[in-house]
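Going down the list, the sequences are from chains Y and U.
The C-terminal residue of the first sequence carries number 385 in my numbering, and the numbering is unbroken.
The C-terminal residue of the second sequence carries number 1007 in my numbering, and the numbering is unbroken.
These are computed hints drawn from the structure, not numbers from a lab.
Possibly wrong hints are sitting among the right ones.
As the list claims (entries may be wrong) - Computed footprint of chain U on chain Y; a stretch qualifies when at least three of its residues, placed anywhere within it, have a C-beta under 8 Å from a C-beta of chain U: (1) 245 to 251; (2) 332 to 344.
Claimed, not checked - Example chain Y residues on the side facing chain U (calculated, C-beta under 7 Å, incomplete): (3) F186; (4) L187; (5) G189; (6) W193; (7) L284; (8) L293; (9) A295; (10) F325; (11) F329.
Unchecked claim - When the alpha-carbon atoms are kept at most 25 Å apart in a straight line, the in silico DMTMM-like pairs for lysine to aspartate or glutamate are as follows: (12) U:K681 to U:E796; (13) U:K681 to U:E515; (14) Y:K82 to Y:E144; (15) Y:K194 to U:D391; (16) Y:K194 to U:D389; (17) U:K634 to U:E549; (18) Y:K82 to U:D389; (19) Y:K22 to Y:D374; (20) Y:K82 to Y:D170.
Positions of the beta carbon are idealized from the N, C-alpha and C atoms, including for glycine.
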Amino acid sequence: MIEHDFAFTLNRGEVPLREKLKYVSWSFIILLCLVAGVGVIMLASAAGGHMEPWASRHLTRFGFSLVMLLVVALVDVRIWMKYAYLFYAVSLVLLVAVEVRGTIGMGAQRWIDLGLFQIQPSEMVKVSLVMSLARYFHGASLEEVAYPPYLLLPLLLVLVPVGLVMKQPDLGTAVMLLMSSGVVFFLAGVRLWKFAVILLSGMSAVPIAWKFLHDYQKKRVLTFLNPEQDPLGAGYHIMQSKIALGSGGVFGKGFGRGTQSYLNFLPEKQTDFIFTMLAEERGLIGCLTVIGLYALLVAFGYVIAMRCRNQFGRLLGLGVVTSFFLYVFINTAMVMGLIPVVGVPLPLISYGGTSMLTVMFGFGLLLSVDIHRDIQIGRRGSYEG
Amino acid sequence: MHGDVDRTRVLNRRVVFLGVGKAVLLSTLIGRLYFLQVLEADRYKLLSDENQFNIYPLAPPRGRIVDRLGTPLAVNAQNFQAQVVLEVARDLNRVLDAISAIYPLSEHDRQRIRREAEHRRRFMPVTVAENLSWEQMARLQVNAPDLPGLVISQGLTRNYPLRELGAHILGYVSSVSEDDESDDPLMDLPGFRIGKAGVERTHDLALRGRGGTYTVEVNAVGRIMKEHDRQEGEPGAEVRLSLDIRLQKFAAERLGEESGAVVVMDIHTGEVVLMASSPSFDPNAFSRGLNAQEWKDLITNPRSPLTNKVIAGQYAPGSTFKMMVALAALEAGVATPDTRVSCPGFYNLGNARFHCWKKGGHGSLDMVSGIMHSCDVYFYEMSHRVGIDRIADMARRFGMGSRLGIELPGERPGLIPDRRWKKANMRESWQAGETLVAGIGQGFMLATPLQLCTMVARIANGGFATTPHLTIHPADPHLVKPSNLSTVGVADKHLEVVRRGMYSVSNIPGGTAYASRVMLPGLQMSGKTGTSQVRRISAQERATGVRKNEDLPWLERDNALFVAYAPESSPRYAIAVIVEHGGSGSKAAAPIARDIMTEVLKLDPAGENERIASREQKGGEG
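Between the sequences and the hints, there should be enough to build the whole structure, so can you do that?
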């Protein structure tokens, strides 16, 4: 039996399923539904007021994800902790597999098709990496964390998938992996000067890594760093996005009246640039509402993490919430022209299954942490018993 | 558990730190939104509107050009074009191969198409072939399933159904070039044609009409999403010419292979009923687009088919100028109609001897017979008496030496020399001998056939300063009335002397054009021949004897001229004919003039107007 693998001081994990349902944070789920609802409305507007082709599918996906979220939330958090490394290993293997398949030339498809959803191993890594780090640092005392060789393994856990997605090159995902795992390191108590060391050595490694890149890869990286080089490409999109945002004004142009989006001045209005469309049609008011909803979700996440009584849950919860926050921030800052264009969707609103699955799985874990917040897990966790 | 407490304390501290960090980032986002959506909103709203609409000009159909009877001379013809949309075609080469089977495409065409295709957006059509025949169009349509991306579109091209006929007057249309003024947005339309020569150019603005606009919503890549607003322009106005195309056709046939020109005008109204220049060209080739070789052939042809010789051909008027000398002498009082001059075949001035065209001489002649026999010696004497300045003044009063202002581009002024002109242009003083040469229409003197025709018209109409024009005002076809005209200020009795001389030329045996008289009863023609030298006779040739005109190369042969008016009893039409390097006026030009004038008198196009007018008047009275 699973529960015998752990040492408990206060028993709340043994409650039956029906009891657990009472502990599910329904207000959090209502918040999620509100955000996804905004997504449905915006996708309908993107399709000229029709539910097809995006809005209805978005709704279906959200429904499935919600069921998955509940299942994930009801599973004992200790099981997630136990299988964290395995989950990580599987996602890494898949990541290598699609990478190899991509390089061999059987088609550059970097996802696994499940029909309604497409699973991108790099997305799976986002969750499993945070889980594994949370597990690794769950038992780590400040003394251990202060001992540099102790950090080598988790560093490796981070750098291997980062290196793989960099090679694609998917810099957006790489940055998100680095930042969300950095946050777990930070919360685990790693000294700030160590971050500085890593940062500096990382920067010094750039010229060496540069040599190994192909010309086309170099070009893609350069365009990423300097979109103005490509005025009709990324730079143009950002200009058009700013026009759309600005022309929305305070109150917006109204549902389906976003000329910039309707006339296709916006690239990928249903995915990465959906916030722009929201801003054009709903104005500042709409933007503040959506940002407010996201902020509430993040704040909620903080509360859940902080009231959890085990370190794994706190680290996992904060990691998941930070990851979610990064999605929101990178996407909105990108469409506002604050940061370069990276392919990061707006969670729960952008059309696309992969990110929805990742985010909802993460929130499932967060709710699982919440439901099982009073379970105290021993230092060594599953190593004991 | 001491370590756990420490650990939790560190975590709590750092969570606060993290939360504050996120709050700062969110505030940045909100600040940015405030900047874009509140502070800069107006600027972006403006940019957004500019993004949304594109305004395109709509080309109005070009006005027709018709002759005085309404026969269409320049129209718009439906033109089928084959275009390929790359987005649909995908494999351009394969589609082009398939089209080649029906409409042969040269390697040159293919290169142009590929080049255009590279520069266009993939949903914009690329023109593959223009001016498809009906059959080609039909065959392409039938094969459309095998020709993905093929679009057959219709356009209007300028068409001149009578081809070479009247080409010099009509002119042609061609693409806008960089030096054309481009205030009109229509000029920016791809494929828009404007008048480049002839009436097409003079009346370009009227014929062009006013362009409409259509406003479309476009997306970022320029694809038209929907039409927003459409404002039709005004189609171009119809231009009615005074030409009678039947005469035009007759004249073209009569001139045949000769390089020459004919112009006939109404001596009262100045309406030009016939203006032919030979050889001609096909203006359709210009709307279609000439290739390099065709263009080269046209401009290097020694018979200059592109030149309208009636207005831009400048020739020494030769003996046709003698009427001016006679009038100058009569008006100045240095001679009377009865003044007799004896012609021994030459005229001595100082050490120089000037020959008459007739070796043996004409004997004693008065003014009328001087004109009738075109005696050079008689007019040497007259010009010597009256002087160059008064001759030049008379020539100018009759329309020579400057442009007459006909509604055609490219009219040339000719040249009437006098003392001041020579001083200014050659920095030499006028020589007495030059007056004699000018007196027989040679030397520096140049006139266009239109000027000679106008001169005759003014002689025939009693000295009214009628000017030639080509277009009939749509509102008032009888706009020009002889009574409105100023006079040239020459006594009619003096004009009568000249007219009698011209009558004798054509109708008295011994007159230089007696052989080419008009035989219609009561409709005799009065004329004057002219033969003008193209080259100077060298001293060596003078010594060895002048070669016969027929032995000279074509380009050095004399120009043959003939001017006339008819009918003699109540003059109506004036004519001027030139046959370049045709030899003598009496042999080459007069017969042509006779035939054409006979046809003019038979059809009487100007009389048609009056018949209509009088019928309308009667109708009004009744």
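Outcome of the hint check:
1. Check result for the stretch 245 to 251 of chain Y against chain U: holds, 6 residues qualifying (beta carbon to beta carbon below 8 Å, three or more required).
2. Interface restraint, the stretch 332 to 344 of chain Y with chain U: holds (4 residues with C-beta to C-beta distance below 8 Å; minimum three).
3. The closest approach between the C-beta of Y:F186 and any C-beta of chain U is roughly 6 Å, which is under the 7 Å cut-off, so the hint is satisfied.
4. Look at Y:L187: its Cβ gets to within about 5 Å of chain U, closer than 7 Å, so that hint holds up.
5. Interface restraint check: Y:G189 against chain U, minimum CB-CB distance 4 Å, threshold 7 Å, status holds.
6. A hinted interface residue such as Y:W193 counts as satisfied when its beta carbon comes closer than 7 Å to some beta carbon of chain U; here the least separation is about 15 Å, so the hint is violated.
7. At a threshold of 7 Å, the smallest CB-CB gap from Y:L284 to chain U is about 4 Å, leaving the interface hint in force.
8. Here the hint on Y:L293 is broken, as its CB sits about 12 Å from the closest CB of chain U, past 7 Å.
9. Look at Y:A295: its Cβ gets to within about 6 Å of chain U, closer than 7 Å, so that hint holds up.
10. Among the interface hints, the one on Y:F325 holds; its C-beta lies about 6 Å from the nearest C-beta in chain U, closer than the 7 Å criterion.
11. The restraint placing Y:F329 at the interface with chain U holds, with a minimum CB-CB distance near 5 Å, inside the 7 Å limit.
12. Simply put, U:K681 and U:E796 have alpha-carbon atoms about 23 Å apart, close enough for the 25 Å limit, and the pair holds.
13. Proximity of U:K681 to U:E515 is assessed by CA-CA distance (about 23 Å); at most 25 Å being required, the pair is judged to hold.
14. About 21 Å separates the Cα atoms of Y:K82 and Y:E144, which keeps this hinted pair within 25 Å; it holds.
15. Between the alpha carbons of Y:K194 and U:D391 the distance comes to roughly 19 Å, so the proposed pair stays at or under 25 Å and holds.
16. A C-alpha spacing of about 22 Å is found between Y:K194 and U:D389, which places the hinted pair at or below 25 Å, so the restraint holds.
17. A hinted pair counts as satisfied when its Cα atoms are at most 25 Å apart, and U:K634 with U:E549 qualifies at roughly 10 Å.
18. Among the hinted pairs, Y:K82 with U:D389 is consistent with the structure: their alpha-carbon atoms are about 21 Å apart, no more than 25 Å.
19. Simply put, Y:K22 and Y:D374 have alpha-carbon atoms about 15 Å apart, close enough for the 25 Å limit, and the pair holds.
20. Only pairs whose Cα atoms come within 25 Å are accepted, and Y:K82 paired with Y:D170 is rejected, the gap being roughly 30 Å.
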